[in-house]
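Input sequences plus hints: build the corresponding full structure.
Protein sequence lines, in the order shown, are assigned to chains A and B.
The opening position of the first sequence corresponds to residue 1 in the numbering used here, with each subsequent residue numbered one higher.
The opening position of the second sequence corresponds to residue 1001 in the numbering used here, with each subsequent residue numbered one higher.
Any given hint could be a false lead.
Unchecked claim - Label-pair restraints from in silico Cβ distances:
(1) Asp142/A to Tyr1182/B: 57 to 63 Å
(2) Arg1215/B to Arg215/A: 54 to 60 Å
(3) Ile1237/B to Asp269/A: 58 to 64 Å
(4) Asp1142/B to Asn249/A: 31 to 37 Å
(5) Lys170/A to Gln1024/B: 55 to 61 Å
Keep in mind the hints are simulated off the structure, nothing from the lab.
Since the model is a prediction, treat every value here as computed from it, not as a measurement.
Ideal Cβ positions, reconstructed from N, Cα and C, are used throughout, including at glycine.
Read off the chains here:
Number of protein chains: 2
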Amino acid sequence: MKNYSIAKSRRLRGTPYTSRIEKQGVTAYTVYNHMLLPAAFGSIADSYEHLKKDVQVWDVAAERQVEIQGKDSAKLVQLMTCRDLSKSKIGRCYYCPIIDDSGNLVNDPVVLKLAEDKWWISIADSDVIFFAKGLASGHKFDVKIIEPVVDIIAVQGPKSFDLMEKVFGKIIKELKFFGFNYFDFEGAKHLIARSGWSKQGGFEVYVQNTQSGQRLYDHLFEVGEEFNVKPGCPNLIERIESGLLSYGNDFDNNDNPLECGFDQYVSLDSEINFLGKEELKKITLH
Amino acid sequence: MKNYSIAKSRRLRGTPYTSRIEKQGVTAYTVYNHMLLPAAFGSIADSYEHLKKDVQVWDVAAERQVEIQGKDSAKLVQLMTCRDLSKSKIGRCYYCPIIDDSGNLVNDPVVLKLAEDKWWISIADSDVIFFAKGLASGHKFDVKIIEPVVDIIAVQGPKSFDLMEKVFGKIIKELKFFGFNYFDFEGAKHLIARSGWSKQGGFEVYVQNTQSGQRLYDHLFEVGEEFNVKPGCPNLIERIESGLLSYGNDFDNNDNPLECGFDQYVSLDSEINFLGKEELKKITLH
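As structure tokens, this is what we get:
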């Protein structure tokens, strides 16, 4: 297959780590949320083998956040997702299909509950921010919706636990799957979740302090030699093998969550109010 | 500057013309509305010279449509744009900044009025469909919102008029700037507008009949030799020289239309109701 260049422009935003991955040998990009997402560092098969064995550091800043804050924030977040968040806890991540009035998928983000009135929606590749703004405006919700400066570094692979312990101390290993907390790196606090777009285990660092994040990126390589750390990116082979679906690739706004096997995240029997609930109920009756 | 490959995937959709432009020598892509948009056929400078002199055929299928139909469609379209559409006419295109509650830009599409209750929003690079769906849901508007199958072919450059006359007859030259009508090609009707993302003159064919559109694409090259027709794409040099701004490159959701010189499309003195009107009024008072 012939290779075509990507024409860079400000519209396809770079990340705080782009210059680093280009020095490290990135060979291909995709575009995700209007941002450059590395897609290959040479052979994807070699990268797959390495990811399953050692540890990789990924520039996944393209996983953008939609921050929803304010009195009606919980109501708006719940309206957008078919997953029951009524018992959700601060410090936890939730995989939440977002659906529209027709019951069709808009996105399949991970939602982080930062406070009772503050949420981050860590999105797949569609402009959830405008869906949220439209809904908030129509419902006259008291919320503030922004895309905050957050540029995620993922640390993935079986040796990610030892590498992260070396940087953040033993305490990082106490983080439960899909839990998050704040950890110190050289005096700066970073929100870190035990999550990531592979099934090889690992962490995502939600970098808000850009300079510290860049230092952290470099530091992971400086101290990671003993774990054979390498740069990487979400790996097509691994993610398909692991059954991780991708909005835009495997499903889109023409599909509903029940068709995608997301049944466990569709709370039709709950009391909660979300878009498309009646439509999805009709589908289950067929 | 080093070249990086674009990693193709279904998420970065191809167009009905992708296989054709790849045979014709496209060298770089950008991504626009989750779709491949050609960005270069070799030298951009050579392409610029050619565009100003002759005629080019462009695969701009990435200019997607948001179709809004139904009883409340006019109300929803007007709510989204600061341009007064109360006197808008069927068969005309309107450049309409779309803004949010804060008065900031969401997109800067061309709006086509197809009927009193049917509109196409021909969008720049952001998911306007989800903004529209959110607003419609919140306001309980009686509308149907879809992304129809429309894959635009643009014919641009000073000789576009003669080339299009050769295909569609003299009548195509009667089309006024930003007017559209339906024209026959080998028995299929095509919506054609006198518009396009250059200032060299030309047309955009809103292809709904894909097979006929592919035939048309080929036909333009078959009969266009005398006009020195070549494949092309929106040209960075020409569009900057012509002062055509680009959402995501030159402005984005952090900017308001007054900052972008769109004053003539901001109808603050009208009776119409649109999002962000009060915010923009405050800005003009400063």
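Now for the hints, and whether the structure bears them out:
1. Asp142/A to Tyr1182/B: 57 to 63 Å: 47 Å, violated
2. Arg1215/B to Arg215/A: 54 to 60 Å: Holds, since Arg1215/B and Arg215/A (Cβ atoms, about 58 Å apart) stay within the stated range.
3. Ile1237/B to Asp269/A: 58 to 64 Å: With a Cβ separation near 59 Å, Ile1237/B and Asp269/A satisfy 58 to 64 Å, so the hint holds.
4. Asp1142/B to Asn249/A: 31 to 37 Å: This hint holds: roughly 33 Å between Cβ atoms.
5. Lys170/A to Gln1024/B: 55 to 61 Å: 60 Å, holds
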